[in-house]
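*Asks:* Protein sequences, first through last, are from chains A and B.
Residue numbers for the first sequence follow full-length UniProt numbering, beginning at 1 and rising by one.
Residue numbers for the second sequence follow full-length UniProt numbering, beginning at 1 and rising by one.
Because the hints were derived from the structure by calculation, they are not lab data.
Note that the Cβ used here is the ideal one computed from N, Cα and C, for glycine as well.
There's no promise every hint is true.
[Said to hold, decoys possible] If you only want the chain B side, here are some residues facing chain A, beta carbon under 7 Å, derived: (1) Pro269; (2) Phe273; (3) Trp352; (4) Gln355; (5) Arg467; (6) Gly469.
Each chain, letter by letter, is given below.
Number of protein chains: 2
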Amino acid sequence: MTLLQRCFAYLLLLTVVGSVRAQPLPREEIVRLTDAALPAALAQLTEFLAIPNDGHYPEQVEANLAWCKATFLDKGFAVTRIATPGMPLLFAERQIDAALPTVLFYLQIDGQPVDTAAWDQPDPYQVVYKRKGADGTYATVPTPIPAATGIPYDPELRLFARSASDSKGPAVAFLTALDVLAAEGLAPAYNVKVIMDFQEELGSDDLPGAVAAQRELFEADFLVILDGTRHVSNEPTLTFGARGIATVTLEVFGPRTALHSGQYGNFAPNPVFAAARLLAALKDEQGRVMIPGFYDGVELTAADKLEMNRVPETREDIRVMVGIAENEALGDTYQEALQYPSLNVRGLAAGWVGQEVRTLIPDRVTIEIDMRLVPETPGERQVELLRQFIAGQGYHFVDSVPTEEERLRYPKLISFTSSLGSVPFRTALGTPIDRWLTAAISHALGKEPVRMRTTGGSQPLGPFVNRLGLPAVSLRIPNPDNSIHAPNENLRLGNFREGILECIGVLVTPIQ
Amino acid sequence: MTLLQRCFAYLLLLTVVGSVRAQPLPREEIVRLTDAALPAALAQLTEFLAIPNDGHYPEQVEANLAWCKATFLDKGFAVTRIATPGMPLLFAERQIDAALPTVLFYLQIDGQPVDTAAWDQPDPYQVVYKRKGADGTYATVPTPIPAATGIPYDPELRLFARSASDSKGPAVAFLTALDVLAAEGLAPAYNVKVIMDFQEELGSDDLPGAVAAQRELFEADFLVILDGTRHVSNEPTLTFGARGIATVTLEVFGPRTALHSGQYGNFAPNPVFAAARLLAALKDEQGRVMIPGFYDGVELTAADKLEMNRVPETREDIRVMVGIAENEALGDTYQEALQYPSLNVRGLAAGWVGQEVRTLIPDRVTIEIDMRLVPETPGERQVELLRQFIAGQGYHFVDSVPTEEERLRYPKLISFTSSLGSVPFRTALGTPIDRWLTAAISHALGKEPVRMRTTGGSQPLGPFVNRLGLPAVSLRIPNPDNSIHAPNENLRLGNFREGILECIGVLVTPIQ
Numbered sequence: 001m002t003l004l005q006r007c008f009a010y011l012l013l014l015t016v017v018g019s020v021r022a023q024p025l026p027r028e029e030i031v032r033l034t035d036a037a038l039p040a041a042l043a044q045l046t047e048f049l050a051i052p053n054d055g056h057y058p059e060q061v062e063a064n065l066a067w068c069k070a071t072f073l074d075k076g077f078a079v080t081r082i083a084t085p086g087m088p089l090l091f092a093e094r095q096i097d098a099a100l101p102t103v104l105f106y107l108q109i110d111g112q113p114v115d116t117a118a119w120d121q122p123d124p125y126q127v128v129y130k131r132k133g134a135d136g137t138y139a140t141v142p143t144p145i146p147a148a149t150g151i152p153y154d155p156e157l158r159l160f161a162r163s164a165s166d167s168k169g170p171a172v173a174f175l176t177a178l179d180v181l182a183a184e185g186l187a188p189a190y191n192v193k194v195i196m197d198f199q200e201e202l203g204s205d206d207l208p209g210a211v212a213a214q215r216e217l218f219e220a221d222f223l224v225i226l227d228g229t230r231h232v233s234n235e236p237t238l239t240f241g242a243r244g245i246a247t248v249t250l251e252v253f254g255p256r257t258a259l260h261s262g263q264y265g266n267f268a269p270n271p272v273f274a275a276a277r278l279l280a281a282l283k284d285e286q287g288r289v290m291i292p293g294f295y296d297g298v299e300l301t302a303a304d305k306l307e308m309n310r311v312p313e314t315r316e317d318i319r320v321m322v323g324i325a326e327n328e329a330l331g332d333t334y335q336e337a338l339q340y341p342s343l344n345v346r347g348l349a350a351g352w353v354g355q356e357v358r359t360l361i362p363d364r365v366t367i368e369i370d371m372r373l374v375p376e377t378p379g380e381r382q383v384e385l386l387r388q389f390i391a392g393q394g395y396h397f398v399d400s401v402p403t404e405e406e407r408l409r410y411p412k413l414i415s416f417t418s419s420l421g422s423v424p425f426r427t428a429l430g431t432p433i434d435r436w437l438t439a440a441i442s443h444a445l446g447k448e449p450v451r452m453r454t455t456g457g458s459q460p461l462g463p464f465v466n467r468l469g470l471p472a473v474s475l476r477i478p479n480p481d482n483s484i485h486a487p488n489e490n491l492r493l494g495n496f497r498e499g500i501l502e503c504i505g506v507l508v509t510p511i512q
Numbered sequence: 001m002t003l004l005q006r007c008f009a010y011l012l013l014l015t016v017v018g019s020v021r022a023q024p025l026p027r028e029e030i031v032r033l034t035d036a037a038l039p040a041a042l043a044q045l046t047e048f049l050a051i052p053n054d055g056h057y058p059e060q061v062e063a064n065l066a067w068c069k070a071t072f073l074d075k076g077f078a079v080t081r082i083a084t085p086g087m088p089l090l091f092a093e094r095q096i097d098a099a100l101p102t103v104l105f106y107l108q109i110d111g112q113p114v115d116t117a118a119w120d121q122p123d124p125y126q127v128v129y130k131r132k133g134a135d136g137t138y139a140t141v142p143t144p145i146p147a148a149t150g151i152p153y154d155p156e157l158r159l160f161a162r163s164a165s166d167s168k169g170p171a172v173a174f175l176t177a178l179d180v181l182a183a184e185g186l187a188p189a190y191n192v193k194v195i196m197d198f199q200e201e202l203g204s205d206d207l208p209g210a211v212a213a214q215r216e217l218f219e220a221d222f223l224v225i226l227d228g229t230r231h232v233s234n235e236p237t238l239t240f241g242a243r244g245i246a247t248v249t250l251e252v253f254g255p256r257t258a259l260h261s262g263q264y265g266n267f268a269p270n271p272v273f274a275a276a277r278l279l280a281a282l283k284d285e286q287g288r289v290m291i292p293g294f295y296d297g298v299e300l301t302a303a304d305k306l307e308m309n310r311v312p313e314t315r316e317d318i319r320v321m322v323g324i325a326e327n328e329a330l331g332d333t334y335q336e337a338l339q340y341p342s343l344n345v346r347g348l349a350a351g352w353v354g355q356e357v358r359t360l361i362p363d364r365v366t367i368e369i370d371m372r373l374v375p376e377t378p379g380e381r382q383v384e385l386l387r388q389f390i391a392g393q394g395y396h397f398v399d400s401v402p403t404e405e406e407r408l409r410y411p412k413l414i415s416f417t418s419s420l421g422s423v424p425f426r427t428a429l430g431t432p433i434d435r436w437l438t439a440a441i442s443h444a445l446g447k448e449p450v451r452m453r454t455t456g457g458s459q460p461l462g463p464f465v466n467r468l469g470l471p472a473v474s475l476r477i478p479n480p481d482n483s484i485h486a487p488n489e490n491l492r493l494g495n496f497r498e499g500i501l502e503c504i505g506v507l508v509t510p511i512q
């Protein structure tokens with residue numbers, strides 16, 4: 001079918017169903033174009049992954065930025081390097097029609113640092129393809145990119161490299177979708193803006209400032225974030241928010257120095273027991289935080305719960321997956337549990353264990369807490385509630401280490417150091433961005449995406465999203481078992497292919 | 001005064017007070033002889049300390065054994081090398097009169113390993129003398145051993161070397177006392193046996209077996225242990241027992257592996273909170289162990305309490321010393337607190353803290369417990385009581401790591417590994433050994449010793465003492481701030497001198 005023939009077919013379709021702008025390419029056509037584009041897409045991804053992208057290194061940032069700039073210029077985008085107090089950002093824009101809406105796409109270009117020795121391949125930046133065997137282990141296979149197009153490939157194959165899933169793979173799916181449309185002479189259904197981030201793994205600290213400094217540059221109707229991992233079912237996934245995070249480090253103090261447990265056992269109180277009483281008071285046996293007001297503001301409607309019930313999972317499945325007999329009791333479903341703020345002890349240490357063990361009464365207990373946040377429970381409030389709760393347990397707060405006077409005066413001494421991390425954000429389900437993306441993906445893949453009201457984890461993008469003030473949704477492409485942030489990060493080829501399908505669907509689907 | 005004159009004086013004294021056998025040397029004479037012997041004693045101690053004595057090394061054991069053997073042979077003792085399944089022991093004996101009682105003295109010859117780099121002197125086995133300055137730091141001074149005898153010396157000077165206090169210093173005080181008597185032509189007031197231990201710091205594992213194998217060799221009326229540190233007041237000290245120890249390692253299990261605290265926060269229970277509830281249930285806020293039966297059998301009489309009240313210390317002094325506002329509530333005095341078994345968490349670990357912190361729900365909590373024991377509360381019983389208590393909290397015990405089936409079946413999983421260490425021992429106050437030693441020290445020093453019913457710590461000698469079945473008391477010579485087991489171990493010269501005085505007093509005081 002020539003371009004002219006296709007245009008004619010669309011006009012015909014418009015006449016019949018009145019929806020050409022929403023679905024200008026039939027699904028079969030999207031599939032055919034994607035499969036034809038796949039070898040080139042894999043080659044481009046392999047080339048892109050070969051550029052090391054640890055955001056700690058300016059030369060790596062620049063190399064990736066240069067690649068992105070050349071790539072977007074080549075596609076006819078206007079490209080702007082945005083200077084920030086830290087590393088630069090890259091902005092690309094293609095105006096289709098000033099009368100059309102605008103969508104801002106977010107691409108994460110940097111990756112986690114690599115510990116090469118921990119990878120099962122010589123170079124984490126050089127792609128290796130592997131197949132999972134019946135025993136669950138992966139065996140390397142020859143690179144499956146055929147010289148010619150149209151060769152069938154195995155969706156279960158995996159491409160191993162740093163950033164394959166997080167998030168150069170999704171970025172190349174998006175680039176491929178642009179190429180496919182361009183090759184067909186089709187324009188996106190709206191104006192396209194793209195912001196490329198080279199320090200997401202370091203916190204994306206300069207993004208909110210860039211938005212504040214150049215507000216008009218970022219003006220858009222929607223934000224689509226091409227980052228993050230699919231729901232555990234590996235069904236196509238949209239997420240509408242992320243929890244935020246605040247952290248607190250506590251030190252519960254005992255005697256001035258660690259003491260001989262024989263000489264002082266039954267005399268000098270061991271701070272482990274004080275810490276245990278404090279921790280035991282923080283949560284009940286069902287996992288509910290006992291701090292008054294901790295959950296205030298969180299309300300789930302029947303409609304919210306209905307949406308959560310549609311996510312294809314059961315609590316039993318997840319219990320089996322993580323190996324626990326009982327889950328905590330907050331909410332009626334796993335998705336509901338994620339709508340509440342959490343309080344976790346991520347680290348706990350006193351004295352020595354194992355080979356290092358010594359018969360001492362420890363001088364202190366270190367408690368590392370992280371609290372996940374939702375929009376109704378901002379970090380400042382949650383930190384203050386925790387502090388008040390601890391004060392209510394009779395603790396005297398010290399700045400760092402107690403003074404001699406404090407040691408002899410107060411039986412309960414604690415230091416409290418807090419830090420606010422990513423802020424929570426959330427876009428409502430059932431709004432135009434939801435309807436648009438759900439329709440686009442449903443059209444491209446022939447099935448509805450899993451729509452999650454929030455992810456449990458936190459994203460550095462929170463301040464950026466909140467500063468933009470746009471409806472924002474993450475379109476998540478990679479397989480959930482992708483080992484992101486770890487050695488042997490990988491991307492399932494079937495996910496990469498569906499990612500291209502989805503990006504084409506999204507680009508060609510007009511915003512109603 | 002010639003020997004003949006002195007003998008005449010004793011006969012005169014006998015006529016007057018009828019107590020020559022109890023105090024054959026007036027205190028002034030003991031002091032004069034000790035001060036005259038001090039330079040040679042320091043030279044001998046310096047020579048002895050120069051022989052490295054880490055019990056891990058057979059060649060070091062042999063070198064010390066050879067030195068001890070030659071020294072005791074030189075003093076007219078019969079010396080026997082005792083072979084054991086491990087390192088040898090050395091036994092020395094001097095029979096005065098078969099009709100007299102016999103006292104067995106225990107000397108510890110080996111020392112803790114040294115970390116030379118951590119010492120403030122080139123070689124931990126080469127004696128350095130130091131003086132404490134007004135700012136609490138030590139400055140090296142010239143070696144104060146005069147060429148001639150009778151030169152005054154400063155009791156506050158300290159002799160730094162590994163084993164200066166623990167316990168070659170006390171051993172040389174004893175050897176010097178034997179020399180002083182011999183030079184004066186005086187015999188000890190009873191038959192003397194000496195057992196020398198070359199692996200005390202490794203647990204004295206072979207001592208009880210040696211006693212069992214050669215019971216007649218060890219037959220005696222009393223055991224005097226020349227090991228251990230004085231009461232914190234640095235007053236002359238006798239201790240009549242030591243607590244024992246049992247240890248337990250617990251692992252409280254959570255999910256199969258550590259989980260992302262965002263993805264699973266509010267769903268997967270964090271084992272830290274379960275562990276905290278368990279620990280909080282173990283002790284009340286006043287430090288009393290809540291395990292039923294834990295203290296059963298411990299009863300302190302009014303006489304016991306009276307003796308404890310005589311120990312020169314206050315709870316406030318000790319609180320200030322260790323830097324705590326309130327002590328635990330067991331017993332009315334610090335000494336009373338030590339008469340009870342204890343339960344201490346010596347180590348606690350989950351997840352990561354500090355620079356290593358990661359936002360995970362830990363998969364387990366490790367709890368290292370040590371329990372000090374008294375004769376009424378044997379380790380087997382205490383361990384079993386702890387196990388029953390944990391079972392009563394609803395825990396299912398696993399051997400090491402839970403199986404998949406256990407993970408999905410039991411919400412509370414724990415592993416429990418116990419080990420029995422030193423056994424407790426105690427000799428009653430107010431018995432003949434107490435009266436004899438108290439009289440001897442009071443005579444030699446002009447003041448009564450501090451008499452402690454038990455030390456809080458544990459001693460590897462427990463099984464040896466219990467196997468011997470003899471009344472056993474530790475005569476403790478070194479200053480309490482002697483840094484034993486640590487770098488910069490030291491012995492205060494005033495303590496060494498008083499140790500010689502005490503040993504002379506003990507050797508010349510007949511057993512009534």
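*Asks:* For each hint, tell me whether it holds in the structure or not.
*Replies:* Comparing the hints with the structure gives:
{"no.": "1", "hint": "Pro269", "result": "6 Å, holds"}
{"no.": "2", "hint": "Phe273", "result": "5 Å, holds"}
{"no.": "3", "hint": "Trp352", "result": "5 Å, holds"}
{"no.": "4", "hint": "Gln355", "result": "11 Å, violated"}
{"no.": "5", "hint": "Arg467", "result": "22 Å, violated"}
{"no.": "6", "hint": "Gly469", "result": "24 Å, violated"}
In summary, the numbered hints that this structure violates are 4, 5, 6.
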